[in-house]
Structures are given as C-alpha cells and as structure tokens.
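Chain A is fixed; fit chain B onto it per the hints.
For the protein sequence lines, the chains are A and B, in the order given.
Position in the first sequence (first residue = 1) + 4 = the numbering used here.
Position in the second sequence (first residue = 1) + 176 = the numbering used here.
Calculated directly from the structure, the hints in this document are not laboratory data.
Backbone N, C-alpha and C define an ideal beta-carbon position, used for all residues, glycine too.
Honestly, I wouldn't trust all of these hints.
[What the hints assert, rightly or not] Restricting the straight-line Cα-Cα distance to at most 25 Å, the calculated cross-link-like pairs of lysine-lysine (DSS-like) are:
#	chain 1	residue 1	chain 2	residue 2
1	B	LYS279	A	LYS21
2	B	LYS279	A	LYS38
3	A	LYS7	B	LYS240
4	A	LYS362	B	LYS281
5	B	LYS279	A	LYS354
6	A	LYS80	A	LYS197
7	B	LYS240	A	LYS354
8	B	LYS240	A	LYS307
[As the list claims (entries may be wrong)] Which chain B residues stay away from chain A? Per the calculated CB distances, all over 10 Å, these:
#	residue
9	THR201
10	PHE207
11	ASP214
12	GLU219
13	SER226
14	THR235
15	GLU237
16	VAL239
17	GLU263
18	ASP270
19	TYR272
20	ALA302
[Stated by the list, open to error] Computed spacing ranges between beta-carbons, pair by pair:
#	chain 1	residue 1	chain 2	residue 2	range
21	A	GLY225	B	THR241	24 to 32 Å
22	B	GLY210	A	GLY225	19 to 27 Å
23	B	GLY210	A	GLN160	31 to 39 Å
24	B	LYS274	A	GLN16	27 to 35 Å
25	A	PRO83	B	LYS274	52 to 60 Å
26	A	LYS85	B	GLY210	38 to 46 Å
27	B	GLU225	A	LEU356	15 to 23 Å
The chain contents come next:
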Amino acid sequence: MLKITPFNEVHQQAGAKLIDFGGFEMPVQYSGIKNEHEAVRNRAGIFDVSHMGEIMFAGPHAKESVQYLTVNDVSKLVPGKAQYSAMCYEDGGIVDDLLVYMLDENEYLLVVNASNKDKDLDWMISNNPHKAEITDISDETCLLAVQGPLSVQILQKLTDTDLSEIKFYTFKKGTFAGYEDVILSATGYTGEKGFELYFSSKKADPENIWNRILEAGADEGLLPAGLGARDTLRLEMGYALYGNDITKETNTIEAGLGWITKFDKGDFIGREALLKAKEEGAARRLCGFITDSARNIPRNGYKITDVDGNEIGFVTSGSQSITSGIGIGMGYVKTEFAKSETLIKIQIRKKLVDAIVKRPPFIKR
Amino acid sequence: MNIPSELKYTKEHEWIRDNGDGTATIGITDFAQGELGDIVYVELNDTGESYGQDDVFGTVEAVKTVSELFMPVAGEVVEINEELENEPELVNEDPYGKGWMVKIKPENPDDLNSLLSADDYEQVIA
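For reference, chain A alone in the conformation it holds in the complex (with noise of 0.2 Å):
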C-alpha cells in the first residue's frame, strides 16, 4: 500500500502522472518535465516534496549525537543555519545524504531521503550512545518546495517575515499564508533561488498553502513541478541522488563529498576508513560529463570506456539537459580519468560516443 501525502487530491485535479517513489505515490510530471522544468528555470514552480523524512533530535546531548552519526562539522551550526550532510558506515559508505538544521541550541531536524527514512531511523536509534531524544516527525511534516528566480517575490507576497534577508543555507520560522510556526528555509535542489516551506499538517492546512502559493504565483507563471523536473533540474546542477550517485556502496571521498566530511571535529561514524580514503586517495572518482551531442544520451548503468574502449567506469545519472539541449551525466571513474577536460566514452547501446569530462554545474549560473 502506498503512502500519500496530504497534496495527494491537489495532484490528482491537477492532472498529475502518478508513480511510486520511495513508498509514495508522488507526482512525476503535470504538465510535461520540459515545461515545468523550463518553468523553474525561467519564473517558478512548486513541488510537493512531503514524502522526504524529518526526524528531530533534541535534548542536552542533541548536537553530540548529530555530530557523532553525521560527517559534517554540527558544530558550525547556529539556530537558523542549515548544513548539507551525510551519514556514513564504519567502512565508509554512506547510509544517506540529508539536510541538518539547527533549530535550537538543544534541538537539531534531519531531513533524509524518503526511501531511506526507515532505515536511517534505525541506524540513528541504534548509534545514539549520547541518548538524545530521536523523534520521527515525517508524517505530520509537510515540505513545499518552491524554486525559481520568481519564487521569492511570489512567496513574499504570503508572509511578513522579509525573505530577502534569509541567506542561503539559512531559515526562520514565520507566519506563511496565516499559518504560524512554517521553516522558510533558503535551500533547494534545483540551482535555482528559492524556499522549501516546512509545516505541520497539525497546525495548518496542506491544500489551503498549496492553493494560495499557486495564486499567489499566477502572473508570474509559476506551475506544479513534480519529481521529473527535480531530477532534470538537480542533474544539470551535478547534485548528487542517494540511490544512484551515491549509496552504501560508495563513501563521501570518491563521491566528491570531501567538503562536508570533516575529520578535525572530533570522533564519527565512518571516519576512520574515511581518513584512509582521503589519505591513500580514492581508486575512483565520481565526475560530470557532457556528451558530443543531443541524441547521445547517458543513462544509469552505461559503462565508461577510456578512447581506446577500455572499461574505466560507469554512469550512475543521465539525461539531456532541458536547458542546454546535449547529454550530461555523472559517474565513477578510475581517478586518472576524473579530471576535467578528460576525453573518455560513453557505450550507448551498440556504440561507443565521445564524451568529455566537466566539472558541473552543467549549465551557466
């Protein structure tokens, strides 16, 4: 049985192409991924993005605990800051990438991958020497995101709390289309400016904020965009996907990730065999590329070929870029191949295409 989310109906009128993601029946498209793609680039569009998991941790030993089971540094966090991050194994891998946001000074949410919600729970319960108060708030928890150059301005229009003075990576809790206590969170997954909007759906009406953000957005054009678009958005950018681009099989290091892996804070989980990665260098590298053409179009699960066709990889994201109109991907390579400019190949089908490797985003910003 699949999950819903309370923006199930408002998907449905809207003509929504339905699918299971996650264990959700979410939107894919409305209108077609081009054109709501476009949208986001060019003005706003707004997605449902409630089938993510929020789980709060909170008491005295809260950012310990956060801190322990995370690879980032918790520390640099103030109320009103959020900080992109992962959760890793012993050896490595990583268990999933998620958002952290420090609410309080006793009081961090973690916003995690849907599919992974589960079992990121349970490793979270069972890595909590510290014992912090772990709470699963993701089915009260609804999450908007509204994204585009247009989206602040529309937005703007339904609260008093100025927005342009929210930072990127930073947020506050406001009153949003008369609903009090909703995270005007400054983040996103499309590269685009924007807001993803957390409430209760205890506290607020779901289909009320829906619908008023969507009024609110009328002359500026902006459309529902469902979880196609996300992913053609978040490809052109080179954000990872946990489930392709990273999963338990590989670790922050080769994934790029190096950024937000943090080795001076102190003990976590994963960090001893992260610091040997880091140290002996990653036999593999996970890297952009854009292919010669549009109609060579990468896809999950092609192998990477050096010029002679020597298999040296594989991709793990592809599409054709709405934007730019050629093919674009990300995947593993050996390391001597992951730099930039290098001339590598990709097997589509029967034949082998010329690709080259790019650092992204894929796109001009």
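For chain B alone, coordinates are given in the frame of chain A:
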C-alpha cells in the same frame, strides 16, 4: 485516450496501418507517448533492413527513460520518418500522424490480421 479503430496494435504499444499498397506504417500509440513523456530523440535503424516480428528497429529516448521499438510483423523497412530527426516532439504531438516512425513492406501482409484490434488494445492498457 485516442485509439483509432482502423489501426492494428501490439502489446508493446506500437500501431501499424495497412496502406493498401503493399506497405504499412508503424508508430507508437497515444498511450505510449503519454507514458514516456517528453520525447527528445528517436533513433531509427537505416532503411533496407529486414526484421523478424518483435525485432528491435529503433529506440525512443524520453527525458526520463529509454524504450525500444519492436516490429509488429516481419518485414523490410522501406522508409523512415526523417522529420523526427529534428522534431522528435512530433511523436508526442501527433503519434498517429506526423509522429509515424517507419514504413515497412511486410513479409506477409496477412500477418497484420493476427495483431490486436483497437478494442483489444484498449483492454491491454485498461
């Protein structure tokens, strides 16, 4: 859902039209283009090749997925829709018209009779 009654269909969502001159035209159904979403590239093998029933004669790339194209009946490809080279979205816009994919000379024209009728196909996608 648009399922023209004069066409024949396959479970893999191809349609085939008997042109009455010894050739038949093949494309994918309205249902198929809707499921695939925005089509960004149609790769068709060259003309002059002969295929058995269910052989792959090309590939459709949508934004999210790739799907192979299967021959509804055995035959030789005599023409491909070159418009799709630059306008793959024609398959979304007009799957039974401008979005056609190949014309074939069926090995045995009677083979078309064994395919699904519009009513049968409607059951398949119900």
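Comparing the hints with the structure gives:
no. : hint                             : result
1   : B:LYS279 to A:LYS21              : 32 Å, violated
2   : B:LYS279 to A:LYS38              : 29 Å, violated
3   : A:LYS7 to B:LYS240               : 23 Å, holds
4   : A:LYS362 to B:LYS281             : 46 Å, violated
5   : B:LYS279 to A:LYS354             : 24 Å, holds
6   : A:LYS80 to A:LYS197              : 23 Å, holds
7   : B:LYS240 to A:LYS354             : 20 Å, holds
8   : B:LYS240 to A:LYS307             : 18 Å, holds
9   : THR201                           : 23 Å, holds
10  : PHE207                           : 12 Å, holds
11  : ASP214                           : 5 Å, violated
12  : GLU219                           : 7 Å, violated
13  : SER226                           : 18 Å, holds
14  : THR235                           : 7 Å, violated
15  : GLU237                           : 5 Å, violated
16  : VAL239                           : 5 Å, violated
17  : GLU263                           : 12 Å, holds
18  : ASP270                           : 15 Å, holds
19  : TYR272                           : 19 Å, holds
20  : ALA302                           : 17 Å, holds
21  : A:GLY225 to B:THR241: 24 to 32 Å : 28 Å, holds
22  : B:GLY210 to A:GLY225: 19 to 27 Å : 24 Å, holds
23  : B:GLY210 to A:GLN160: 31 to 39 Å : 37 Å, holds
24  : B:LYS274 to A:GLN16: 27 to 35 Å  : 31 Å, holds
25  : A:PRO83 to B:LYS274: 52 to 60 Å  : 59 Å, holds
26  : A:LYS85 to B:GLY210: 38 to 46 Å  : 44 Å, holds
27  : B:GLU225 to A:LEU356: 15 to 23 Å : 21 Å, holds
Consistency note: the structure conflicts with the earlier hints numbered 1, 2, 4, 11, 12, 14, 15 and 16.
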